[in-house]
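Once you have looked at the hints, place chain Z on chain F.
From first to last, the protein sequence lines stand for chains F and Z.
Going by the working numbering, the letters in the first sequence line up with residues 1 to 757, in that order.
Going by the working numbering, the letters in the second sequence line up with residues 1001 to 1364, in that order.
Keep in mind that the hints were calculated from the coordinates and are not lab data.
Any given hint might turn out to be false.
Label pairs and their computed distance ranges (CB to CB) [what the hints assert, rightly or not]:
id : chain 1 : residue 1 : chain 2 : residue 2 : range
1  : F       : Val403    : Z       : Leu1013   : 22 to 30 Å
2  : Z       : Val1200   : F       : Thr419    : 41 to 49 Å
3  : Z       : Lys1281   : F       : Gly609    : 20 to 28 Å
4  : Z       : Pro1080   : F       : Pro217    : 56 to 64 Å
5  : Z       : Pro1080   : F       : Glu253    : 32 to 40 Å
6  : Z       : Tyr1226   : F       : Asn232    : 43 to 51 Å
7  : Z       : Gly1044   : F       : Leu238    : 44 to 52 Å
Model, not experiment: these values are computed from the prediction.
For every residue, glycine included, the Cβ atom is placed at its ideal position computed from N, Cα and C.
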Amino acid sequence: MMTTTARRPAVQVTDFKKGNEMAALAARQVDYHVMGYYPITPSTEIAEELDEMYSRGEHSTKMVPADGEHGAAGICYGAAVAGGRVLNATSANGLLYALEQLPVQSGTRFPMVLNVVTRSVSAPLDIRGDHSDLMMALSTGWIILLARDPQAAYDMNIMAVRIGEHPEVRLPVIVAMDGFFTSHQKRRVRYFEDAGVVKQFVGRPNTPVNALDAHHPVTIGAYMNDPDLINNKYQLKLAMDAAERIIPEVFAEYAELSGRRYPVMDCYRMEDAEAALFILNSAAETAKDAVDRLRAQGKKVGLVSPNVIRPFPAALVREALKSAKAVIIADRADSYGAHGGNMSLEVRAALKDDPDNRAYCLSRVYGLGGKDFYTADAEEMLGEALEAVNAGHVDVPFDYHGVTAGDLSATMEPAKPLTKEEMSPGVAHAEWDEASRSLKVNVGGPRQLTAVPDRIAPGHGACPGCGIFPSLKQFLAGVEGHVVLLFHTGCAEITTTPYPYSSHRVTYIHNLFQNGAATLSGVVEMYRERLRRQEIPPDEITFIMISGDGGMDIGMGPTIGAALRGHPMIVLEYDNEGYMNTGNQLSYATPLGHASSTSHVGPAQSGKGFQHKDTAQIMAATHIPYVFTSVEGLGTDLTRKAAKAQWHVRQGHFVYGKVLSVCPLSWRYDERLGTEVAKAAVDCCFFPVYEVENHKTTISYDPEQRQKRIPVTQWLGMMGKSKHLLGPEYAGVLKAFEDEVERRWRRLKAMHEHPLL
Amino acid sequence: MTTSPALPKTNDLGFYEMRFESVGGLGANLAGQILAEALVLKQGLNGAHFSSYGSEKKGSPVKSYIRLCAPDREVRSNSPIERPHLLAIFHQCLLKTEGVTAGLFPDSIVLVNSTDPIDQVRYRARLVSGTLGVVDATGIAVEFNTRINAAMLGAVCRVAGFIDAAAVKDAIAGSFQSKYPKLVDANLKTFDRAYEKVQVKELAADARFAGAPAEPHVSYYHALGYANAPVGGIILNPGNTAHKDLSASRQGIFPLFHRDRCIDCGLCTQTCPDYVFVWEKGRDKRSQPAMVLTGPNLQYCKGCLKCVRICPVNALTEECEKPEFKYTADAQLWGPPDALITMSREGDPAKWAADEGNYWHRVS
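Isolated chain F, as found in the complex:
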């Protein structure tokens, strides 16, 4: 893989870092103009590292946290079109959500660098590493470089800039490293001590066309039909052809600088190999140990592993496998129905163009969903290839490696489903009172409410002290009868459904992070229609969507859409002020100045840079009949509002509720103080508890009236994420925050007073 060269390389530092850190380090040294990003495991750390470095003043890349990956890709495209250097990092479904943007970028020929930290594509949801996401990008017209270890993550990120911006190429570039296997594995690495070396290597941005040159106005993104489109795409093909020539030139130039030379095709012990394994990235390195072991036994085996797959090095494949008698091609993804993963199909196609090559080809799929790949696996695969050589034919041309059938004798008693009667003990009531023209609600007290069985079973994996679960308990206790739950991706979803376990004693659905409200609307409308057609028993089901961890950033559009259409359902947001399940990245709900893993506090940055999102008011603007906010432990406020919510749904209304949900891990306070922290957030008027029912605002709990109001600083001081705001250097940020809290509170009070608001 790497050979040292004779020329004097630049001074480098030895360190111990993982793939994500090395990608961030390269990015810092390149000093991109803009990074548009959105958090998704396992790529989140790249943005986190860069944000931390930014807060320390170590680079000037403007980090723009998007509402979702499609938005992030759009931000990146806009920044690229405006002529500067742009970076992004994503994985799996994030890549798929952004996918629409990728051919636009290559079709209009604006370079940038996108780190794909490979991860399994949903569904089922799996956060660990395989190549199913990367393979979806093969046809996007982007160059794809592979980084098989943390060192390569650094080196490829630097070379990607030169390659993409080359005047004969002008294509965006993906650098792909394996999720967890490379992104999170620490290795001994080297990087240039002086960022100037990197800047000199990448040179100044090459932007012959950009949107910011008023003296040369251009139209970017015209409407083009035939016969022109095919020519436009042929230009892209020519760029890929040029890249095939230019990439090794850049690799060679970088080798002189770094002492590390990457071949386009890494051939390991292939000189006289009879059987070869073709495999990508981290598994290739593991497999080299297998090659050594088998060679020590006298077996003639070797390994072929590309460092570039777009453009696909077909000629080098033919050359590497010229004398091989069998090649087993292992894909870490399947192209279902194609009788082989994408790489195996491309290798087979490449070999077919050599009429003299009669090598047996075996296609295998391995390591899906992060299933570990061991040296023993590589030995087995090479064994299969050798067997084909000895037998003179291939028994199994395509198969999966590493599946298990399961133990058909294993059983377990299912839990008893909750009956409608059990779920309707008659504790919570909401009835319309004509005399007062309002809802009369009675839910009893906490003791009576213990008679309502939990729809969610214990044994879920949430953190100790998690605020989501008491909130869900108190809410669901106010809802009678059958319930179907839909959860957005987030902590609640992840911790309640670790396959093959589910905490959900009622039917539960999880779809995608962005379209929960759309999905549930579909369920609701199907329910209504099947009822009408008498296909299902006439049992009332209340449909509730639970979202948090930024779900109302990425999912805002569909939620507003569902509200406007007015389906009878409840959307409940647990506001934990960030993307917690992916590691505490900021969400739009994070308050101003608060620290998170993408809003660090340091000399150059003071936490989150803009005020917190007011989702309740956004939803009130859809003019739905019932919007509320609440919090756990404010008496039985949350349960009462749940009973009201169910009443509204029974009238055919769409309901939106926002509940403040404490998070001890990310807010950084002692777990046992959750109740106090929630109470302080309400008492300082940061999180007002109110309703907008039939378009009239009513404050449910007024801390001023009850003489319980405390200064905002008292709440901020309770949490590690915000107590820095009490320091003199953050006085400006604190004042801006206090003023905003006060403004929104006063406005709410005015709405409460006014008969029409």
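Then chain Z, alone, in the frame of chain F:
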């Protein structure tokens, strides 16, 4: 750069390998990172560190791996460490779980966080031979108000023999310095105390431990596979997390219930994130039908202690886990054998004939 120490032993590929077995929240990932970094950057070895874990949450199983080799050797393999030369177990209840002590060499070093006498730990760990270290990392961490990972690092450094403790302490200080400078001192003291207190014993080979596992034993195996798992990843068994035991998530403290003081106000139940409180239909003080609290089911309690704070009458108090309880806590974090679908209906529901009715109807 100092000359790197000779590794006490290496496998056939030239590596010395360590595995930490833990649960989320105990800091095994960070401990592995710090240790590996010190060994590579300060002791001049080459190596790698990584962990296997899932989403960010406490209480899930975590394994942290360190590979070490001579500085001129490349690290290529990414796969988990199957045969550790040094195994550190961060919570003694993990000893019950099959696979935790898998792959040991006859001369491997095993370190366990436990308060039990060393011979009892050996018995529970079923160690045929090798070296055993035992340290009460939890107790030390509670004393200094730190996490047990610092204590485990101290003990690992002591038992491994070739590790430069000063270099590791430097690395610990470095990792806390920027974000939590106030914690440096306490963590270094935790390290030192564990380094000093860890008991080490060379185990005379005892073949009785080879073979059948000790009682009681938890077996973890994949019972679900492509032939018997419901297609589409659907789970047909609602609420089955109730079979899990999360008590290993606690950091040594749990809420003790005093029934005599309890007024059945229900506040603890409202506030508990883990749904541990069990209520039954009974009678109140005026003999009227009312819900009555029987107490917390500690199988699910993760020890956040919100209930202790909210109880108005001190019917819930903080207590330290008794040493015996720490072992009996059933670390079924992964759960029992995981064929968790009802098998009273034969075969794969998707293959049932259409006239047998919609399979959702059958399994509901």
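Against the structure, the hints come out as follows:
A beta carbon spacing of about 27 Å between F/Val403 and Z/Leu1013 agrees with the range 22 to 30 Å that was offered as a hint. For Z/Val1200 and F/Thr419, the hinted distance range of 41 to 49 Å is not satisfied, since their beta carbons lie about 58 Å from each other. For Z/Lys1281 and F/Gly609, the Cβ-Cβ distance of about 54 Å falls outside the hinted range of 20 to 28 Å, so the restraint is violated. In this structure, Z/Pro1080 and F/Pro217 meet the distance hint of 56 to 64 Å, their C-beta atoms being roughly 57 Å apart.
A C-beta distance of roughly 38 Å is found between Z/Pro1080 and F/Glu253, which places it inside the suggested range of 32 to 40 Å. Judged by the Cβ atoms, the range 43 to 51 Å given for Z/Tyr1226 and F/Asn232 holds: they are separated by roughly 44 Å. A beta carbon spacing of about 50 Å between Z/Gly1044 and F/Leu238 agrees with the range 44 to 52 Å that was offered as a hint.
Consistency with the previously given hints fails for numbers 2 and 3, ordered from lowest to highest.
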